[in-house]
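Given chain A, put chains B, C and D in place with the hints provided.
Number of protein chains: 4
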Amino acid sequence: MEADMKNLKYGMVGGSFDSYIGDIHRQAARMDNLAELKAGNFSRNLEKSRKTAEIWGVEPDRVYGSWSEMAEKEALREDGIDFVSIVTPNDSHYEIAKCFLEHGIPVICDKPVTSHSRQAEELLKISQDKSLPFAVTYGYTGYPIIRQAREMIEAGTIGELLYVRVRHAEDWVISSVDPESKEELPWRFHPEKVGAALCMGDIGTHAEQLLEQFTGLHIHRLLAMLGTWPKRVLPLETNGTVLLDLGDGIQGELWASQIAIGKTCSPGIFVIGSKGSLEWTHETPSILRYTPLNAPTQLLEAGRSYTSEDSQSLCRVSAAHNEGFLEAFGNIYRNFCEDLLAKKYHIPGKRLPYPTIRDGYRGMKFIEACVESSKKGNVWINLE
Amino acid sequence: MEADMKNLKYGMVGGSFDSYIGDIHRQAARMDNLAELKAGNFSRNLEKSRKTAEIWGVEPDRVYGSWSEMAEKEALREDGIDFVSIVTPNDSHYEIAKCFLEHGIPVICDKPVTSHSRQAEELLKISQDKSLPFAVTYGYTGYPIIRQAREMIEAGTIGELLYVRVRHAEDWVISSVDPESKEELPWRFHPEKVGAALCMGDIGTHAEQLLEQFTGLHIHRLLAMLGTWPKRVLPLETNGTVLLDLGDGIQGELWASQIAIGKTCSPGIFVIGSKGSLEWTHETPSILRYTPLNAPTQLLEAGRSYTSEDSQSLCRVSAAHNEGFLEAFGNIYRNFCEDLLAKKYHIPGKRLPYPTIRDGYRGMKFIEACVESSKKGNVWINLE
Amino acid sequence: MEADMKNLKYGMVGGSFDSYIGDIHRQAARMDNLAELKAGNFSRNLEKSRKTAEIWGVEPDRVYGSWSEMAEKEALREDGIDFVSIVTPNDSHYEIAKCFLEHGIPVICDKPVTSHSRQAEELLKISQDKSLPFAVTYGYTGYPIIRQAREMIEAGTIGELLYVRVRHAEDWVISSVDPESKEELPWRFHPEKVGAALCMGDIGTHAEQLLEQFTGLHIHRLLAMLGTWPKRVLPLETNGTVLLDLGDGIQGELWASQIAIGKTCSPGIFVIGSKGSLEWTHETPSILRYTPLNAPTQLLEAGRSYTSEDSQSLCRVSAAHNEGFLEAFGNIYRNFCEDLLAKKYHIPGKRLPYPTIRDGYRGMKFIEACVESSKKGNVWINLE
Amino acid sequence: MEADMKNLKYGMVGGSFDSYIGDIHRQAARMDNLAELKAGNFSRNLEKSRKTAEIWGVEPDRVYGSWSEMAEKEALREDGIDFVSIVTPNDSHYEIAKCFLEHGIPVICDKPVTSHSRQAEELLKISQDKSLPFAVTYGYTGYPIIRQAREMIEAGTIGELLYVRVRHAEDWVISSVDPESKEELPWRFHPEKVGAALCMGDIGTHAEQLLEQFTGLHIHRLLAMLGTWPKRVLPLETNGTVLLDLGDGIQGELWASQIAIGKTCSPGIFVIGSKGSLEWTHETPSILRYTPLNAPTQLLEAGRSYTSEDSQSLCRVSAAHNEGFLEAFGNIYRNFCEDLLAKKYHIPGKRLPYPTIRDGYRGMKFIEACVESSKKGNVWINLE
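Chain order of the listed sequences is A, B, C and D.
Under the numbering used here, the first residue of the first sequence is numbered 376, with each subsequent residue one higher.
Under the numbering used here, the first residue of the second sequence is numbered 376, with each subsequent residue one higher.
Under the numbering used here, the first residue of the third sequence is numbered 376, with each subsequent residue one higher.
Under the numbering used here, the first residue of the fourth sequence is numbered 376, with each subsequent residue one higher.
Simulated from the structure, these hints should not be mistaken for lab results.
A portion of the hints provided could be inaccurate.
Which copy? The list can't say, so a pair holds if one copy fits it or any two copies do.
Keeping only pairs whose Cα atoms sit at most 27 angstroms apart, straight-line, the calculated DSS-like set for lysine-lysine is [unchecked claim]:
#, residue 1, residue 2
1, 423, 719
2, 740, 505
3, 500, 568
4, 557, 650
5, 650, 740
6, 423, 384
7, 426, 448
8, 650, 606
9, 473, 751
10, 448, 719
11, 426, 718
12, 426, 719
13, 384, 426
14, 423, 740
15, 557, 426
16, 426, 750
17, 505, 423
18, 751, 606
19, 750, 568
20, 740, 568
21, 500, 719
Extracted from the complex, chain A is given alone in its bound form (with noise of 0.2 angstroms):
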């Protein structure tokens, strides 16, 4: 790591000290020295905000108690920040995003990255237009051996690709949610406020973005079939199969489930192509299982020497040191931020890639037409 290269500033909307995803945009955004929390806007409760600001060293003047006011003023400021890291809940995502846009802000923003498709595609728009990076978080995207995955493929190591299967099966909902309980359920339940289909906005996309980054192929058509447990308490659904087209002949499935006891946090995809198959699973988030047609199936290890510089140079630790959701988050950052680093400083050559805005409208497409496939009795709907 270069001293010289230390040097983005960085915001944050949401993320008080007291909530979970916060601290692990933060933890991602440092853990590379690549930017400095110097601005933020933490929380609608000003103290909140404040007492956020001190854990992390933010300035007391650079503590905004509104998101509009901060990206007002940093704009204005010479030392204003490089970019925003947006952690609100998912329907605020948009007027926030906009603004920043608008104000020459280069943002990252969680996903899903909007209420709406075309909401997303408003800000794709913006971002091309203004030639802003715009990055979504699909954190488990930035494992280092899908990236070697993805390059495997794209050198024709398992031929012309024929079917994939994709996955984010995970127990949270089934686990937490009483079935006999007649209390009032949580906001994260309220189809006002996530929109239909919580297992497709949930996770789901989280299946579809790894389905587009591991293989580079798209969602051409799908077919959805969604289901709600427990029935009695549940106003969305909370599982959901769908067959996919992915173009010239090529048909996938993808399950998203939020019911799935026995898979705390169970990502995966396989993939067959006509000399070889991959195949990756969130357990063992480091080990990629290569199967040459005819031929023992091969555990290609993240940080190994034998993989590619592009996938080593995502690793922090050692072979099989294990890292985890954090240090794959900590990439997504890190890509972003080397792209704006040669924006910046003019600095040539190629970057590594990661999710952007066209990606999160992608995924807010493929939300929809779940939704719509399903509310029509299972029908293909075209995303593109």
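The following block gives chains B, C and D in isolation, referenced to the frame of chain A:
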């Protein structure tokens, strides 16, 4: 094993000494000394038939030139066969089975049991009318731990069933078909011989049966997406993804693939209930993963004292000494033979179940529904 | 399988119909139709012996009242047995085997082959002097992938051998002995019946043999630490850790345990060479883990086309259809029978190896060395 | 995290920006915002030291030309450091640590803590006399599920302990040393720099510490067999097998290897008790395998509600989101910092333990005993 129990005699149609499946059946049949091979029409080639008889100790006068002759003559003998095992290619099952049933001889037959569901339906009717047991050798369902799973589900251990994923994946087709070959394909790839949807007839029906035996559920409706690879060469579908409606709002997904590089022989199932989940995979066929809601996953091992009596009774070696496909197959024969013996000797009491012609019939309906759904553009097809 | 090959006849001593091990041997013996059970002294109880004969189709006139009578009479018959299978308790093996050898009859015998190494040495000498094959049924070594491993090692695939770890762990003793019980222990725990170091005689010798068959190495010296649990009850060691000197500077470790809760039946081996390593474990008996230096680990699967011809020849069902302990045991019988057939019919060519009385002898030396080392305070004991 | 808790300041000796271990410690130290890097003597090269300071935001006036100067000056400052982190090569730890202790500054130091046990003993004595906390960063012991294991053992969940197997295996040496090379070896292989028994100092001591933290047991006596590969090149042992006497008749085995091809970084432990067993392996660092006697194996997952409060408190991301080596390392820092904070602010109550200089001292005794035992021909050596 009681000495006086050893008194079933059986004949075989097909299964020449140089065939693979014949030996599997013969090994399975004698594994518990419940049945002795006493007659056969092992091949159209009489020489081969005689040689097979010699190897397996069948008296020359009970080697027949045709299966119809065998059915007729054995039915007349005082010491005639107690059942016939049919291991010929699929498209001849129907005629042969019908003939033996009509001569009053119970049948055990390889799967898929016929070429069309109406043939299976007819066989079902005859076997019912004549009260003749008719087994279909869905071998994977014979693993002892699958009985354990079924009993746990019936006892309500995982609560109300919510969602099921089941599969059979192998790489047989993609490993053995040269996508560039100009030569004539072997008969196994001729649609007129094996019907459409090779993946469903060959192995999808194993997955469907695994679902039924494991959970006790039936498929009410399905929506299938089939695919063919290698496209330039094969006239038959080799990969299929199927959405399932299992009644009472229970959804599911079934995947059958013969192009699954990296999965040599991988049937498997995952069942989510309101209070827990169960998972089984053929790679570790003696292990059942059971996860109670909000508790650690448990690994139940076939043969251990904490498994059910019925499940233990299906084990032949000490726990963890590994029992494989032959032993599982042997359990289909065992349960079928014990049913026949109970009938023959009027022994009262419960017998362990085995897949019957009713299951074989449902399997045919399943295959046909997959083909129809796919042809009609992936629409729901009722099975019942 | 050639029809005219089916011509070995064998007898059995021990293995009454109500014994466990008798059936294992009989199943194994007939698995390839190479040998037919024709004579027996299955029990001291003649009634039981006759009942066993009836079940297994042995003619009444070849059921003998004693093994010495059987040896004598069978040796005189024109159609006398080609070999005898000895499955009595350990302490009677020596006398019985000696008697049959002296009557010119080859032997296949359960392990440990005798009670003392000098008995085994004597049997070895007789079998050599008379050129009589003598197999010892170390069943685990019959798994096809173990042959694959041995061939890879012999071909230098993992280079010069450096270090080996081998084990057999099970929980049998700790699961079945009540540490508070005041009752008489079953005979299996009486030192005078089974010798000292139960863990070594019962299962350590399996690990020792696995080491030899897998690697081709022999133990030159060892240093053993034995332990007894539950201490208050058992008069015998049930857990042992052994340092190994395997010659040429190769070191190793062997662990045998009958108190290994969580390891129901877990033989396993890990071999490090200068260019790679090999690992096998009984939990997935068809998989060989091969890691070349600085390259991904490969999972070799028994029966696949990339494994050796000899290894493939030991498989009976398609790859990944799971073959278990019975089939592995059957391979010991198969290789032994093919050796006998080659001798009988003067068929030239290489035969696949099987564990012989020489291995049985080394096994006894191993057990005795463990006991001696432990008694002397954990010092090195030479085996050769 | 409470805002007013963020008030420890620390300095570092060693850990220039271009070193690997420095960043690991700095990441670990700031993971919970409990400590801020405020001073440093990062390198003998002042230029490098300054550059490191710049990257990490250390004020120029607190970059020191020597560690002794740093100890002296920081001890005098009102706002001096609350502890020092020592990440220099092993042979300098002693002097540096002693100096800081003498200036009243608590120490956290990499392992092995010194070059000789008597140095460690001296440090132990000083730290006791002055009541100065002294942590040693055995990183693997920081995984949350290891705390869970320890609490289960202390609660008697697996009964009386009977036998333990522990290891640390990696392939670092064999992957990087060319056995044919004639060139000078890097300093890591010079006995005068690192002491004898590289495998024990480097990683065996990790295994020893894992044993102690996981079980609470100590090694009373040991008997070691060491080996060197590649023999022609290396002057140091790279593989060791150690028999353990853990007191009260508890036996064990420890294996440390740097030639374990196929095991990139594989610490692990298996503990048998009279009522159950526990198993942990670094490949899946959040999973604890617990097998109660005669019951199914359970897979306990870090962070789930059924694990202990203390264990859960060590998790930073949701269960199954994967936490790796950095987070485990961070837990050593966290527990050390919370101990310091409790002392500084007189906060009562229990704190979570961390490896201390007492453990570091025992680690040195362990290494020396291994070397002595091996030199004397594999005899028992007392540690206490």
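Problem set entry | Within, between, both or neither, where residue 500 and residue 568 count as close if Cα-Cα is 27 angstroms or less | The answer is within: 25 angstroms in one copy meets 27 angstroms, while 56 angstroms across copies does not.
For this session: Tell me, please, which holds for residue 426 and residue 719 at an alpha-carbon limit of 27 angstroms: within, between, both or neither?
Result: between (32 angstroms within a copy, 22 angstroms between copies)
Exercise. Given identical chains, is residue 423 near residue 740, meaning Cα to Cα at most 27 angstroms, within a copy, between copies, both, or neither?
Worked result: neither (35 angstroms within a copy, 50 angstroms between copies)
Problem set entry | Status of residue 719 relative to residue 500 across identical chains (alpha carbons, at most 27 angstroms) | within (21 angstroms within a copy, 54 angstroms between copies)
For this session: At 27 angstroms max between alpha carbons, let me know whether residue 423 reaches residue 384 within a copy, between copies, both or neither.
Result: both (21 angstroms within a copy, 24 angstroms between copies)
Exercise. Can you tell me if residue 650 and residue 740 fall within 27 angstroms by alpha carbon in one copy, between copies, both or neither?
Worked result: neither (32 angstroms within a copy, 34 angstroms between copies)
Exercise. For residue 426 vs residue 750, is the C-alpha pair at or below 27 angstroms within one copy, between two copies, both, or neither?
Worked result: neither (46 angstroms within a copy, 60 angstroms between copies)
Exercise. Between residue 740 and residue 568, at a C-alpha cutoff of 27 angstroms, which is it: within one copy, between copies, both, or neither?
Worked result: This pair counts as within: shortest intra-copy Cα distance 18 angstroms, inter-copy 44 angstroms.
Problem set entry | residue 740 and residue 505: within-copy, between-copy, both or neither at 27 angstroms Cα | within (23 angstroms within a copy, 58 angstroms between copies)
Exercise. With identical chains treated as interchangeable, where does the CA-CA distance between residue 650 and residue 606 reach 27 angstroms or less: within a copy, between copies, both, or neither?
Worked result: between (44 angstroms within a copy, 14 angstroms between copies)
Exercise. Quick one: residue 557 to residue 426, C-alpha cut-off 27 angstroms, is that within a copy, between copies, both, or neither?
Worked result: Neither: 36 angstroms inside a chain and 61 angstroms across chains, both beyond 27 angstroms.
For this session: Using 27 angstroms as the alpha carbon limit, work out where residue 751 and residue 606 are close: within a copy, between copies, both or neither.
Result: within (20 angstroms within a copy, 31 angstroms between copies)
Going through the hint list in order, the structure does not satisfy hints 5, 9, 14, 15, 16, 17.
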